[in-house]
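Build the full structure now, drawing on both the sequences and the hints.
Each chain, written out:
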Amino acid sequence: MKTILFSILFALLTLAGNSQSNEYYQAMGENLGRYANCKTVEDYQALGNTFNRIAAAEPGEWLPLYYSANCFIIMSFIEPGDAPKKDAWLDAAEKSLDQMLQMVPGEAEVNALQAMYYLARLVVNPMERGQKYSMLSAQAVGTALGIDPTNPRARFIQLQNNIGSARFYGKDPKDFCPEATALLNEWDNFKPKSPISPAWGKQQVAEIVNSCK
Amino acid sequence: MHKVMRTFLTFAFLLTASVVFSQTTISGIIRARNDGTLPGANVYLRGTYDGASSDASGKFSFKSAKNGNQILIAEFLGYEPFSVEVQLNGTPIQIDIELKETFNKLDAVTITAGMFEASDKKRANTISPLDMITTAGAAGDVFGALQTLPGTTTNGESGRLLVNGGSSDESQTYIDGALVYAPYNSTAPNTATRGRFNPFMFKGTIFSTGGYSAEYGQALSSVLLLNTNDMPEQNQFDVSIMTIGPEIASTRLWETGAITATLGYANLGPYMKLVPQNFEWKQAPESASGAVSIRQKTSGKGLLKIYSSYDFGQFTLAQLNLNTNRMIDYALDNRNFFVNASLKNVLSEKTSLSTSTSFTHDADNIAFDSTSVVKQLHGFHLKEAFSHEFNQKISLRAGAEWFVKSIGQDFTSQQDTLNGNYTNHQMAAFAELEMYASKKFVVRSGLRLEHNTYMNNGKLSPRITAAWKLNTHSQFSAAWGQFYQNPADNFLMVTDKLGYEQATHYILSYQSVHEGRTLRIESYYKEYHHLVKQSSTAFYLPETYSNNGYGYARGFDIFWRDKNSIKNGDYWISYSFLDTRRNYLDYPESAIPSFTSKHNLAIVYKHWFGKIRSYASLNYKYTSPRIYNDPNDISFNSRHTLAYQTLDVSWSFLYKPNIIFYGAVTNLPGFKQEFGRRYADAPDAEGIYKSTALVPGSQRFFILACFITFTRKGTENQLDKIQ
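Protein chains in written order, with this note's numbering: chain A, 23 to 235; chain B, 18 to 740.
One or more of the hints may lead you astray.
[Unchecked claim] Here are the simulated lysine-lysine pairs, PhoX-like style, with alpha carbons at most 25 Å apart:
no. : chain 1 : residue 1 : chain 2 : residue 2
1   : B       : Lys628    : A       : Lys193
2   : B       : Lys628    : A       : Lys154
3   : B       : Lys615    : A       : Lys193
4   : B       : Lys117    : A       : Lys117
5   : B       : Lys584    : A       : Lys117
6   : A       : Lys196    : B       : Lys456
7   : B       : Lys367    : B       : Lys456
8   : B       : Lys410    : B       : Lys367
9   : B       : Lys457    : B       : Lys550
10  : B       : Lys220    : A       : Lys154
11  : B       : Lys456    : A       : Lys107
12  : A       : Lys107    : B       : Lys457
13  : B       : Lys314    : A       : Lys154
14  : A       : Lys117    : B       : Lys367
15  : A       : Lys154    : B       : Lys673
16  : A       : Lys154    : B       : Lys361
17  : B       : Lys584    : A       : Lys107
18  : A       : Lys107    : B       : Lys486
19  : B       : Lys410    : A       : Lys117
20  : B       : Lys220    : A       : Lys107
[As the list claims (entries may be wrong)] If the Cβ cut is set under 7 Å, some of the chain A residues that face chain B in the computed set are:
no. : residue
21  : Ala49
22  : Ala58
23  : Gln67
24  : Arg75
25  : Ile76
26  : Ala79
27  : Ala110
28  : Ala114
29  : Met157
Source of the hints: derived by calculation from the structure; they are not laboratory data.
On a predicted model such as this, the values are computed, not experimentally measured, just so you know.
Ideal Cβ positions, reconstructed from N, Cα and C, are used throughout, including at glycine.
Next up, the structure:
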């Protein structure tokens, strides 16, 4: 009987353990759903804060840090003025990125996000930061694609960089249409590692492809 | 068995149920000390997902199913995290939280009295390293770019930095903490010079117009601190083709270091054939230079930087000798060897030790009218500085320095041979304590002790400066200090019976930086004591010299910069008012020195044309008439030069990611420029000192250049989103 009691206890504990991890997946899932409703800086700030709370409670997980950094980067893109504010948010994103680079050094998604982060730093003051950060962004994309040449987000950021550059140099950005179409077609070939792994970007690529028509 | 299990399960169920069903609401408001409510703060229970963000009015509210004692945390960027233990038992909790701002030096008050900082570090800087490069008229000259800042006076016949009523000898230039003994190229008398260093070398610049730190000495007026770039980011090969000559540079990286080698050649000959010149050049200025720069990361977190360069330059200019009324050839060749090294070692999180050293050998060979002058300078500087942070608010910087300067000058003419030389070892020690009372108030006080072995004379100079932040964007600074400098080489070669020249600075400054707009107003008063005074024209006699000279300079500077109001445009306006008099050198009375001018105005405008990927810069400068002495006139320093005016334009065009075209013209409208007159040493038969006007080498200066960078991923070097 003792054995049975112990096995039940053990089962309960495992269940409790699982429920902890279920709670994590559930919380992540729910909050990833909230992305769709985010419009303002405040919305993203609240969502980023939520991911930060999960990150604090789950020190072994990098995905909450990923999404929190992602929110802060987006905030810097949508904030109209106030450069010091943008830099403060990007400082927060940088902190999360540094943590992730330590936790999961070979994760292409993190390097791809870092490329986006450098781009955000650049956008704060293109005149003065253009040269330095465009290079750093290209390097981070390079690292991500070096790890996983099929990573669609790394490919998307590279595509975006190329289109921006073409537009800047007065070339036809439509030169990149075949690449965009190929990326969109192959998008679903990439299987995210889990339901809560980064999966964003398809929409944006679809928009690029639409603009080609 | 069943019973036991049932009981157990019921118990487990009850437990879970109680967790699920007893929810506690936690709500409240987040405030910042002094600054009202904080929206967007993160409030949560530690180790759980339960929490919320504060809304626009700082309010938050969330429910938690947790029970018992929990830790409530409130966090907001730039504030100290707050935590408190709370009892969760279903009863709503109402809690008001006040967050305290983090003490962060980056956004705390900074000392701005007399300081212009251009660096990437500070987010609210007044000028950036890029400004140094793109200012029209400067054409890539560090010193030229600084002359658009308040406190400076432009002397077209010198090109050197003159700050707040000080002569060009009163400013010193440091690279990575080590003194640069010969920062300017050698030129013929009364022709403008340029700095020896490429502005692209530097990641940051601090230009102090007075009241600077005890770490720096031997400058009565100003110090310019240039900090070189850290590790380059990639292997690259650069080619620059300019109308005055080509330059190539190559950078190679390895895991812990990098090397950059640069070779340049310039010859103004072809250019001078195309563009009319005011001077008659027998041999156009020609120069060759080579430089090697090494970066090596050391074990720990140190970085060793070495820069070494060798320059050779020469020219021959025909000038009118007013004494003999004949045209004579003035030929000069200059060789300059310079090494600069610095190593910063991080001993611990709070302590660092840095070593800076430099060595200069500069030699001028001048020949004119069967006279030859050979000038040699050997300079050495070693500095060991120690920094320690006692805590976030109190830090100490202290160090010791050793300067060696050896000057030799041989003058040989048909009648005379004159040799002059001296060697001085200057020992110095400094200590400076920086104390923040709060984010809003800081005081920095320092002492500097110097000893000169040649004059056998020591001095202690105290300095103090404080800054007070009024609100997030504006602040006051004040500075007071005593500054000493050895007399000029010309005098020390004749006598060692001289003492230090002295200046005392009083500075009060206000600065406001808000939404891309900067306003600085600074007023200063400077007292000069113990300046070198000559009692006769017998410059070779030691007894001619004394330290009885004195003077003052006072004035105010205004700087306004606006990066915000004009889309893609950016401008700044500097104005300086200067009132100064001195009685020094051979002045018969207290008079306005000829290198100063009462009003100085600079307007700089830069615009980015996204569609054509071009960056245009335009600047206008005005310097009110300066005073000069006419020996034909009974009164001293009684003549006025023309006001100096120039309007310079430059254009940079980004053709491809790695190819930039650049063009610039100085003095586009062709304002007449004249810098006074040069006189014969003695009157002619009719008792008149013959003279000739000092004019610039040409009315305008044009430059065209093409800069090409090759990298392995050359085409990927994008400037995305710049539009």
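Hints versus structure:
1. B:Lys628 x A:Lys193: Within the cut-off at roughly 12 Å; holds.
2. B:Lys628 x A:Lys154: holds (21 Å)
3. B:Lys615 x A:Lys193: Judged against 25 Å, a Cα distance of about 52 Å means the pair is violated.
4. B:Lys117 x A:Lys117: Status holds; Cα separation ~21 Å.
5. B:Lys584 x A:Lys117: violated (32 Å)
6. A:Lys196 x B:Lys456: It is violated: about 52 Å lies between the C-alpha atoms, which goes past 25 Å.
7. B:Lys367 x B:Lys456: holds (19 Å)
8. B:Lys410 x B:Lys367: holds (12 Å)
9. B:Lys457 x B:Lys550: Not OK: B:Lys457 and B:Lys550 at ~45 Å, beyond 25 Å, violated.
10. B:Lys220 x A:Lys154: holds (12 Å)
11. B:Lys456 x A:Lys107: Holds. B:Lys456 to A:Lys107 sits at ~18 Å (cutoff 25 Å).
12. A:Lys107 x B:Lys457: The hint holds at about 20 Å.
13. B:Lys314 x A:Lys154: holds (20 Å)
14. A:Lys117 x B:Lys367: This hinted pair holds, its Cα atoms lying about 21 Å apart.
15. A:Lys154 x B:Lys673: Holds, at roughly 16 Å.
16. A:Lys154 x B:Lys361: Answer holds: A:Lys154 to B:Lys361 is near 24 Å, not above 25 Å.
17. B:Lys584 x A:Lys107: holds (20 Å)
18. A:Lys107 x B:Lys486: holds (19 Å)
19. B:Lys410 x A:Lys117: Holds: B:Lys410 and A:Lys117 sit about 23 Å apart, inside 25 Å.
20. B:Lys220 x A:Lys107: Holds: B:Lys220 and A:Lys107 sit about 24 Å apart, inside 25 Å.
21. Ala49: With Cβ-Cβ at 5 Å, under 7 Å, it holds.
22. Ala58: Result: violated, 18 Å to nearest chain B Cβ.
23. Gln67: Result: holds, 4 Å to nearest chain B Cβ.
24. Arg75: holds (4 Å)
25. Ile76: Hint on A:Ile76: holds, closest Cβ of chain B at ~5 Å, below 7 Å.
26. Ala79: Interface hint status for A:Ala79: holds (5 Å vs cutoff 7 Å).
27. Ala110: holds (5 Å)
28. Ala114: holds (6 Å)
29. Met157: Status holds, d = 6 Å.
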